[in-house]
Amino acid sequence: DAGVIQSPRHEVTEMGQEVTLRCKPISGHDYLFWYRQTMMQGLELLVYFNNKAVMDDSGMPKDRFSAKMPNASFSTLKIQPSEPRDSAVYFCASSLGRTDTQYFGPGTRLTVL
Amino acid sequence: SQQGEEDPQALSIQEGENATMNCSYKTSINNLQWYRQNSGRGLVHLILIRSNEREKHSGRLRVTLDTSKKSSSLLITASRAADTASYFCATDERKADKLIFGTGTRLQVFP
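If you're matching them up, the sequences are chains A and B in order. Note that my numbering numbers the first sequence so that position 99 is 99, with each residue one more than the last. Note that my numbering numbers the second sequence so that position 38 is 38, with each residue one more than the last.
Derived by calculation from the structure, the hints in this document are not laboratory data. Computed from a prediction, not measured in an experiment: that's the story for all the values here. Each residue gets a CB set at the ideal place from its N, CA and C atoms; glycine is no exception. Worth double-checking, as some hints may not be accurate.
As the list claims (entries may be wrong) - Take a look, some chain B residues computed to stay more than 10 Å from chain A by CB distance:
#: 1; residue: G16
#: 2; residue: N30
#: 3; residue: Q33
#: 4; residue: L48
#: 5; residue: S73
#: 6; residue: R80
#: 7; residue: A82
#: 8; residue: K95
#: 9; residue: K98
To be verified - With a cut-off of at most 25 Å between alpha-carbon atoms, the simulated DMTMM-like pairs for lysine to aspartate or glutamate come out as follows:
#: 10; chain 1: B; residue 1: K26; chain 2: B; residue 2: E55
#: 11; chain 1: A; residue 1: K68; chain 2: A; residue 2: E18
#: 12; chain 1: B; residue 1: K69; chain 2: A; residue 2: E83
#: 13; chain 1: B; residue 1: K95; chain 2: A; residue 2: E18
#: 14; chain 1: B; residue 1: K70; chain 2: A; residue 2: E44
#: 15; chain 1: A; residue 1: K62; chain 2: A; residue 2: E83
#: 16; chain 1: A; residue 1: K24; chain 2: B; residue 2: D97
#: 17; chain 1: A; residue 1: K52; chain 2: A; residue 2: E14
#: 18; chain 1: B; residue 1: K95; chain 2: B; residue 2: D83
#: 19; chain 1: B; residue 1: K98; chain 2: A; residue 2: D86
#: 20; chain 1: B; residue 1: K56; chain 2: A; residue 2: E11
#: 21; chain 1: A; residue 1: K62; chain 2: A; residue 2: E11
#: 22; chain 1: B; residue 1: K98; chain 2: A; residue 2: D63
#: 23; chain 1: B; residue 1: K98; chain 2: A; residue 2: E11
#: 24; chain 1: B; residue 1: K56; chain 2: B; residue 2: D7
Turn these sequences into a full structure, and let the hints guide you.
What follows is the structure, given as structure tokens:
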């Protein structure tokens, strides 16, 4: 298996623009997680899915962030409008069970100017 | 959020020395995991220890768990420059519905 795939790897955009991050989990994994990592806040869980349904999005700023999982092999995290404080590395991870080993993608480094 | 806390925040050692990192948490857990993150990469799972286990080994890694003190330690023996990374603990707390990641320890191993 290729592991968790994320795209793009790097994204530079201007404040106010829409940003879409993409993730393909490991086949057969029922859980998918979106994290944000910054030097100041560390690793933050934004949202996670079980069998394509949102289980917990309490860490996600809902006024500008949205997450979807239209099928078992694809998820998106959208930021609209983007702000400089959204600059961070965004990781997607997947696992077989809720608290099983998580397999992380390489991350998307987002810079909002 | 109920993050676990790693101690120390940063650690610098010479190649060949042992490195010990500690993780403390707040509530009862089902298991505890350790992850490594190389610079610019995603986290990679290292080892999982269950609440009924006290010690576990994997190659040069040794993990201990003391549920009475709500703490765990990760020992890397005979460290190498390639061990330079950040190390995170993650707890499966019984009252939570997700893994709780700690703040991480940055390990620098000098050749």
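Taking the hints in turn, this is what the structure says about them:
no. : hint             : verdict
1   : G16              : holds, 29 Å
2   : N30              : violated, 7 Å
3   : Q33              : violated, 7 Å
4   : L48              : violated, 7 Å
5   : S73              : holds, 20 Å
6   : R80              : holds, 22 Å
7   : A82              : holds, 18 Å
8   : K95              : holds, 12 Å
9   : K98              : violated, 6 Å
10  : B/K26 with B/E55 : holds, 20 Å
11  : A/K68 with A/E18 : holds, 15 Å
12  : B/K69 with A/E83 : violated, 42 Å
13  : B/K95 with A/E18 : violated, 36 Å
14  : B/K70 with A/E44 : holds, 22 Å
15  : A/K62 with A/E83 : holds, 14 Å
16  : A/K24 with B/D97 : holds, 23 Å
17  : A/K52 with A/E14 : violated, 31 Å
18  : B/K95 with B/D83 : violated, 33 Å
19  : B/K98 with A/D86 : holds, 23 Å
20  : B/K56 with A/E11 : violated, 40 Å
21  : A/K62 with A/E11 : holds, 21 Å
22  : B/K98 with A/D63 : holds, 23 Å
23  : B/K98 with A/E11 : violated, 28 Å
24  : B/K56 with B/D7  : holds, 20 Å
The structure fails hints 2, 3, 4, 9, 12, 13, 17, 18, 20, 23 (numbered hints given earlier, in ascending order).
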